[in-house]
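**Student:** Listed below are the residues making up each chain.
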Amino acid sequence: MGYKWDFGAVYSYLNLWIKGFGVTLGYSLGTVVGGLIIGVICGMLLLYRRKWVTLPIHYYVEIFRCTPLLVQIVWFYYALPIVLAVELPAWLAAGLGLTLYMGAFSTEIFRGGIISIDKGQWQAARALGMTNGELMRHVILPQAIKRMVPPFVNQSIIQLKNTSLLYVVAVPDLMYTGSIVVADTFRPLEVYTSVAVMYFAILYPLTLWATRMEARVDQ
Amino acid sequence: MTNSDLMASDVMVKVDGLRKSYGAVEAVRGVSLEVHRGQVVVLIGPSGCGKSTFLRCINLLERPSAGTLQVSERTIDFGSGRSMPHGRDLARFRSRIGMVFQQFDLFPHMTALRNVMSGPVIVKKMAASEAEAIARSLLAKVGLAAFTERFPRELSGGQQQRVAIARAMAMSPEVMLFDEVTSALDPELVGEVLDVMKQLATDGTTMIVVTHEMGFAREVADRVVVMDAGQVVEQGPAEEVLLQPRNPRTASFLSRFHSTLVGRS
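Top line first, the protein sequences correspond to chains G and H.
Residue numbering for the first sequence follows this note's numbering, starting at 1 and increasing by one per position.
Residue numbering for the second sequence follows this note's numbering, starting at 1 and increasing by one per position.
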């Protein structure tokens, strides 16, 4: 093929790329941390086994698990301000969708980690006279957290890639920056190759780290 | 103090008409039992006869459906359903009763020493140094002084079960419950656990033991209680019940252990 690759066109937008890189990392970090907090709170509440507590959480989790993230982002961006009748800045509306999405998966990870702990551990702790708080803090969580780390890291990796969907609502992340540069340079091959390389450069070390964590948890 | 008061204060566990049902299935159908200080009561019976469920009702790991339960000073009536303790009250009730399980259920993220310290430190808020001294002496007593820093996965089944006994004893319980504690062990490891239990019995520990070890029952039990289909069918001194059972169901159950029982006599 006679295509002449020219990455020079990509490099000349360095400032834009740096900004996009920062936006992607910022959204990833913010929505992962926010999602984790939601996950811990909802996961804990699920243990209460009161229908009026667990049912709303169940529906929250399932709604976010069973609809496409792209639809959620678009919905939060266009529909939520109308439903709530408040002006939401674009960055917040879009971020809210991503955070709640991460929160839904984190809730499942947290709940799964807790209930994966053998029943014998609960009864042994209870038989010693521990209250629910004591047994959770000293017996269940120390074991469960180790099991939650690998799936949580995994979900965080997916979450970082999912931030690329923000480009549909014009949040200037890596993906959106790519589309701008393409519009400017007509060099989609070089641009999207570079975008892929940048995502890979962030995530590959993370996956290596996750694999090492899993090996440690297996011990 | 009258004679009857003295008698009453000697009763560690008193169960009256205890019932436990799961939906339509009644696993325990009106069991009464009285255990005095320092007594060893052994509960036997075929699988599924409700003996384990009954044992778990005593420290309220199972919630009885009816009957009354008295452990030392505390009496709970399940007829009303209202006096079932919960929260901190329930935890405190359980903290006076030690229990050892078939699967040991040691805390895998803690060393043997930490496992034994866990009750005093977490439940009683005892100072770590004081709890450690208690734990070390208990581990020495069950023959594991050299294994304090081992994690459960680094111990054999018999060693784990001995740690579990020490863990329960660390709370200075008023009564110890043993739920088929040798059933998950390789045959060559059963003896070391039974030896520890015999030692506890000799020391005057009040014990209720669910087991299939008839030799142990015969040697250690002050009283043997036979359960079948959720009810007590026979009880009495070990020799009497095990060697001259009056109830045909007891006799048929015990015939399977004939060699163990006769071999020892």
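Careful: at least some of the hints might be erroneous.
[What the hints assert, rightly or not] Mimicking DSSO-like on lysine-lysine, the simulated pairs with C-alpha atoms at most 30 Å apart in a straight line are:
| id | chain 1 | residue 1 | chain 2 | residue 2 |
| --- | --- | --- | --- | --- |
| 1 | G | Lys51 | H | Lys124 |
| 2 | H | Lys125 | G | Lys119 |
| 3 | H | Lys124 | G | Lys146 |
| 4 | H | Lys141 | G | Lys119 |
| 5 | G | Lys19 | G | Lys4 |
| 6 | H | Lys141 | H | Lys198 |
| 7 | G | Lys119 | H | Lys124 |
| 8 | H | Lys141 | G | Lys146 |
| 9 | H | Lys125 | H | Lys141 |
| 10 | H | Lys124 | H | Lys141 |
| 11 | H | Lys124 | H | Lys198 |
Bear in mind the hints are in silico, worked out from the structure with no lab data behind them.
**Student:** For every hint, state whether the structure bears it out.
**Tutor:** Hint by hint, here is what the structure shows:
About 33 Å separates the Cα atoms of lysine 51 (chain G) and lysine 124 (chain H), which puts this hinted pair outside 30 Å; it is violated. Only pairs whose Cα atoms come within 30 Å are accepted, and lysine 125 (chain H) paired with lysine 119 (chain G) is accepted, the gap being roughly 25 Å. Distance check on the hinted pair: lysine 124 (chain H) and lysine 146 (chain G) sit about 27 Å apart at the alpha-carbon level, within 30 Å; holds. For the proposed pair lysine 141 (chain H) and lysine 119 (chain G), the alpha carbon gap of about 28 Å is at most 30 Å, so the pair holds.
With a C-alpha separation of about 28 Å, the suggested pairing of lysine 19 (chain G) with lysine 4 (chain G) holds against the 30 Å cut-off. Annotation: proposed proximity of lysine 141 (chain H) to lysine 198 (chain H) holds, straight-line Cα distance about 12 Å (limit 30 Å). For the hint pairing lysine 119 (chain G) with lysine 124 (chain H), the CA-to-CA distance comes to about 23 Å; that is within 30 Å, so the pair holds. Note on lysine 141 (chain H) and lysine 146 (chain G): the hinted pairing is violated, with a Cα-Cα distance of about 33 Å set against a maximum of 30 Å.
Annotation: proposed proximity of lysine 125 (chain H) to lysine 141 (chain H) holds, straight-line Cα distance about 23 Å (limit 30 Å). A threshold of 30 Å between alpha carbons decides the hint, and for lysine 124 (chain H) with lysine 141 (chain H) the separation of about 22 Å falls inside it, so the pair holds. Of the pairs offered as hints, the one joining lysine 124 (chain H) and lysine 198 (chain H) holds, with about 27 Å between alpha carbons and a cut-off of 30 Å not exceeded.
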